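Student: As you go down the protein sequences, you meet chains D and G in turn. Take 0 as the starting number for the first sequence in numbering that gives the first Met the number 0 and just add one per residue. Take 0 as the starting number for the second sequence in numbering that gives the first Met the number 0 and just add one per residue.
Mixed in with the good hints, there may be bad ones.
Here are the simulated SDA-like cross-link-like pairs (lysine to any residue), alpha carbons at most 25 Å apart as the crow flies [what the hints assert, rightly or not]: (1) G:Lys82 to D:Met319; (2) G:Lys121 to D:Ile8; (3) D:Lys255 to D:Ser1; (4) D:Lys4 to D:Leu271; (5) G:Lys141 to D:Gln11; (6) G:Lys82 to D:Ser81; (7) D:Lys255 to D:Leu225; (8) D:Lys367 to D:Gly292; (9) G:Lys74 to D:Ile8; (10) D:Lys4 to G:Gly120; (11) G:Lys74 to D:Asp407; (12) G:Lys121 to D:Gly292; (13) D:Lys4 to D:Arg16; (14) D:Lys4 to G:Asp214; (15) D:Lys255 to D:Gly292; (16) D:Lys4 to G:Lys220; (17) G:Lys141 to D:Ile8; (18) D:Lys165 to D:Thr80; (19) D:Lys4 to G:Arg119; (20) G:Lys82 to D:Asp316; (21) D:Lys4 to G:Gln146; (22) G:Lys121 to D:Thr337; (23) G:Lys121 to D:Lys275; (24) D:Lys4 to G:Phe143; (25) G:Lys220 to D:Ala409; (26) G:Lys141 to D:Lys165; (27) G:Lys82 to D:Pro14; (28) G:Lys141 to D:Met7; (29) D:Lys255 to D:Leu271; (30) G:Lys6 to G:Asp214; (31) G:Lys121 to D:Val103; (32) D:Lys4 to G:Lys6; (33) D:Lys4 to G:Leu108; (34) G:Lys82 to D:Ser1; (35) D:Lys4 to D:Met15; (36) D:Lys4 to G:Lys141.
Derived by calculation from the structure, the hints in this document are not laboratory data. Keep in mind the model is a prediction, meaning the values are calculated, not measured.
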Amino acid sequence: MSLLKDGMIRIQRSPMRSILVTLTFALGFSAVVAIVGTIEGGRRAIGNDLEALGSDLLALVNPVELGTVSLGRVTEGSPVTSQDIPSIKTALGSEVETISPLLVNLGLTTYGEISWRHTMVATTPGFLSVLRSGMLAGRFLEESDRWPDDREGIVPVAIDEALALKFFTSAEYAMGRRFRSIRSGIPFTCEIIGVVGDPLLLRQHLSSFDATSRARSIPARRLEFLNLYMPWREGIDQPTVTILDVDTVDKVDGVKSRLDQWVEDNDKGVYLHVQKQWTAIILQMVDRFSGLGHFIWVLGLTIVLILTATISLLAIDESMEEVALRRAEGARVSQVITPVFLEAGMLSLLALFPGYWVGLSIIEWGVKPVLGWEAWLPLEMILGVSSALVVTAMLSAVLPAYRVATLDPAPVLCGRRDI
Amino acid sequence: MNQVDTKRIVEMQGIRRHYGDGVSQVKALDDVDLSIQAGEFVAIVGASGSGKSTLLQILGCLDRADSGQYLLAGKNVLSLPEKELARVRNEVLGFVFQSFHLLGDRNALDNVRLPLEYRRGKVETSLAEQMLERVQLSDRVKHFPSQLSGGERQRVAIARALVKQPQLLLCDEPTGNLDSRNGQQILDLLSGLREEYQTTLVLVTHDTEVADRADRVMTLKDGRWSKESSR
Numbered sequence: 000m001s002l003l004k005d006g007m008i009r010i011q012r013s014p015m016r017s018i019l020v021t022l023t024f025a026l027g028f029s030a031v032v033a034i035v036g037t038i039e040g041g042r043r044a045i046g047n048d049l050e051a052l053g054s055d056l057l058a059l060v061n062p063v064e065l066g067t068v069s070l071g072r073v074t075e076g077s078p079v080t081s082q083d084i085p086s087i088k089t090a091l092g093s094e095v096e097t098i099s100p101l102l103v104n105l106g107l108t109t110y111g112e113i114s115w116r117h118t119m120v121a122t123t124p125g126f127l128s129v130l131r132s133g134m135l136a137g138r139f140l141e142e143s144d145r146w147p148d149d150r151e152g153i154v155p156v157a158i159d160e161a162l163a164l165k166f167f168t169s170a171e172y173a174m175g176r177r178f179r180s181i182r183s184g185i186p187f188t189c190e191i192i193g194v195v196g197d198p199l200l201l202r203q204h205l206s207s208f209d210a211t212s213r214a215r216s217i218p219a220r221r222l223e224f225l226n227l228y229m230p231w232r233e234g235i236d237q238p239t240v241t242i243l244d245v246d247t248v249d250k251v252d253g254v255k256s257r258l259d260q261w262v263e264d265n266d267k268g269v270y271l272h273v274q275k276q277w278t279a280i281i282l283q284m285v286d287r288f289s290g291l292g293h294f295i296w297v298l299g300l301t302i303v304l305i306l307t308a309t310i311s312l313l314a315i316d317e318s319m320e321e322v323a324l325r326r327a328e329g330a331r332v333s334q335v336i337t338p339v340f341l342e343a344g345m346l347s348l349l350a351l352f353p354g355y356w357v358g359l360s361i362i363e364w365g366v367k368p369v370l371g372w373e374a375w376l377p378l379e380m381i382l383g384v385s386s387a388l389v390v391t392a393m394l395s396a397v398l399p400a401y402r403v404a405t406l407d408p409a410p411v412l413c414g415r416r417d418i
Numbered sequence: 000m001n002q003v004d005t006k007r008i009v010e011m012q013g014i015r016r017h018y019g020d021g022v023s024q025v026k027a028l029d030d031v032d033l034s035i036q037a038g039e040f041v042a043i044v045g046a047s048g049s050g051k052s053t054l055l056q057i058l059g060c061l062d063r064a065d066s067g068q069y070l071l072a073g074k075n076v077l078s079l080p081e082k083e084l085a086r087v088r089n090e091v092l093g094f095v096f097q098s099f100h101l102l103g104d105r106n107a108l109d110n111v112r113l114p115l116e117y118r119r120g121k122v123e124t125s126l127a128e129q130m131l132e133r134v135q136l137s138d139r140v141k142h143f144p145s146q147l148s149g150g151e152r153q154r155v156a157i158a159r160a161l162v163k164q165p166q167l168l169l170c171d172e173p174t175g176n177l178d179s180r181n182g183q184q185i186l187d188l189l190s191g192l193r194e195e196y197q198t199t200l201v202l203v204t205h206d207t208e209v210a211d212r213a214d215r216v217m218t219l220k221d222g223r224w225s226k227e228s229s230r
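With the hints as constraints, model all of the structure from the sequences given.
Tutor: As structure tokens, then:
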């Protein structure tokens, strides 16, 4: 108990030093909280986005033909056509919920004074099952939605939320609106029948920081969710990508092997994309990024350690005579070392709450508005970084404590001044 | 008061303490023998650099001799581990320094209590209060060192040394920082307390007037005894 009191006296004796050390601990801890909170929040946000893209999807991607060059072909053979879909259904059975052909083009849309190039996806109503976030307003394409027979007719379309916000400021306001678009050089008029919810939460804040966008696979890039969805024209449209929505993630591997067999049996020249594998690769990349972030906060705590150890060493130098007197009066080495550790421990505990608060404020006011994700600090992470701070504080007391432990009281007590 | 097991509280033989080596070697103590009876008042005098402070530090287990034998209350202290030495300093020895060495952020009572905090069990505050009363500072219990005069500070230091009820009280120039009136009062107090508690007193000084109060005066010169006189 008296050792604890000694520790507290050491804190009270030099208020400025104690404040400086506590401030160093608090700022160091706030940096740790901000880094860890940002990393973990980012991991969760990216994970959510990846989940929203669907990890139980498979995609047969036809190669992109650039003149005589064919990009993206893995197997040798012909591309997948809409006529192949019944055959795929037969080969895969009931484990696949829907098979949706997608014809993806880049188009131009004009509304009022705004023109924007974006993707246009012709697909079947079954594609709705791939859209995990569902409809924000209205409905998705149905079997009854068709292209008009004449060029002046109206094309019923669904648009992605991001597109709706770009042109119409809100999903509700977009409903029923008509605008002009051009696809493959052919102009047409669209009428919005529904707005698809944006599954990519990150992009809602700042698309340039959308961590998944640049890393997205070819089919995923085609699922940028900046799309205009229009009806599939049976017998005319041919798929760029054919999306297969498997029942559950567990069945993906089995379905993939049967699909590989189908590709081989039918001599198809395609790239088979497995969203689950790609998701795992992305998460692995995110984990590496997280590892770097964790290294940075460890580095930060090391700097805190050096700073506070330096301050504490100076303080020990100032209290050498006191330590010498205590040793002369019968204090054991452990009895003069313990208050040094207790002081560091108490100051670090004092720094925990303000440090945590400042760290969360940094995320709230600095990180969130820019990157767009919420901080996420699970309890075990809070306990972990808090323990790391206390351990850092204890380590910072090692050098001063060693100095105290190895002190020879005799020459110090020869000093001719009061303590 | 702790009972003295043997009549001789201090028995030193061939104590040697050298600093540095080669031509720059300083022989602070060179083959020094010393024997002190329990209850005796011994003054060690000598010029500056004669080795008297080094001898006091070895006597007080604050420093270790390079060679020789030192029996303190029958214990060979030179071979004791640091933990045991701490116990000896706490239970057998008391120190009074020239510059008081009081803790500035503790009041007089807490300064006197300090040695007791390093003992097992509950700290007897009443013992510290009694000791302060004994040195006539009962009205200064809550005063901090900065609020006390030089003489009062030294009296607090004496109370701190005696609260341990030591068998051997070591004083290093206890009046060196005091005027003659306060110096006399401190010496009177030390003499009175020594008789009252039958404590052995070893006092290092360069002041012959102070030394004359002792039962025995021993003079050190260049780390060796040069003279010894008894009253």
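Student: Against this structure, judge whether each hint is valid.
Tutor: These are the hints, each one checked on the structure:
no., hint, result
1, G:Lys82 to D:Met319, "19 Å, holds"
2, G:Lys121 to D:Ile8, "20 Å, holds"
3, D:Lys255 to D:Ser1, "70 Å, violated"
4, D:Lys4 to D:Leu271, "70 Å, violated"
5, G:Lys141 to D:Gln11, "18 Å, holds"
6, G:Lys82 to D:Ser81, "89 Å, violated"
7, D:Lys255 to D:Leu225, "28 Å, violated"
8, D:Lys367 to D:Gly292, "17 Å, holds"
9, G:Lys74 to D:Ile8, "36 Å, violated"
10, D:Lys4 to G:Gly120, "16 Å, holds"
11, G:Lys74 to D:Asp407, "22 Å, holds"
12, G:Lys121 to D:Gly292, "51 Å, violated"
13, D:Lys4 to D:Arg16, "18 Å, holds"
14, D:Lys4 to G:Asp214, "43 Å, violated"
15, D:Lys255 to D:Gly292, "36 Å, violated"
16, D:Lys4 to G:Lys220, "45 Å, violated"
17, G:Lys141 to D:Ile8, "16 Å, holds"
18, D:Lys165 to D:Thr80, "34 Å, violated"
19, D:Lys4 to G:Arg119, "16 Å, holds"
20, G:Lys82 to D:Asp316, "23 Å, holds"
21, D:Lys4 to G:Gln146, "23 Å, holds"
22, G:Lys121 to D:Thr337, "19 Å, holds"
23, G:Lys121 to D:Lys275, "68 Å, violated"
24, D:Lys4 to G:Phe143, "17 Å, holds"
25, G:Lys220 to D:Ala409, "21 Å, holds"
26, G:Lys141 to D:Lys165, "76 Å, violated"
27, G:Lys82 to D:Pro14, "33 Å, violated"
28, G:Lys141 to D:Met7, "19 Å, holds"
29, D:Lys255 to D:Leu271, "8 Å, holds"
30, G:Lys6 to G:Asp214, "16 Å, holds"
31, G:Lys121 to D:Val103, "85 Å, violated"
32, D:Lys4 to G:Lys6, "40 Å, violated"
33, D:Lys4 to G:Leu108, "15 Å, holds"
34, G:Lys82 to D:Ser1, "19 Å, holds"
35, D:Lys4 to D:Met15, "19 Å, holds"
36, D:Lys4 to G:Lys141, "18 Å, holds"
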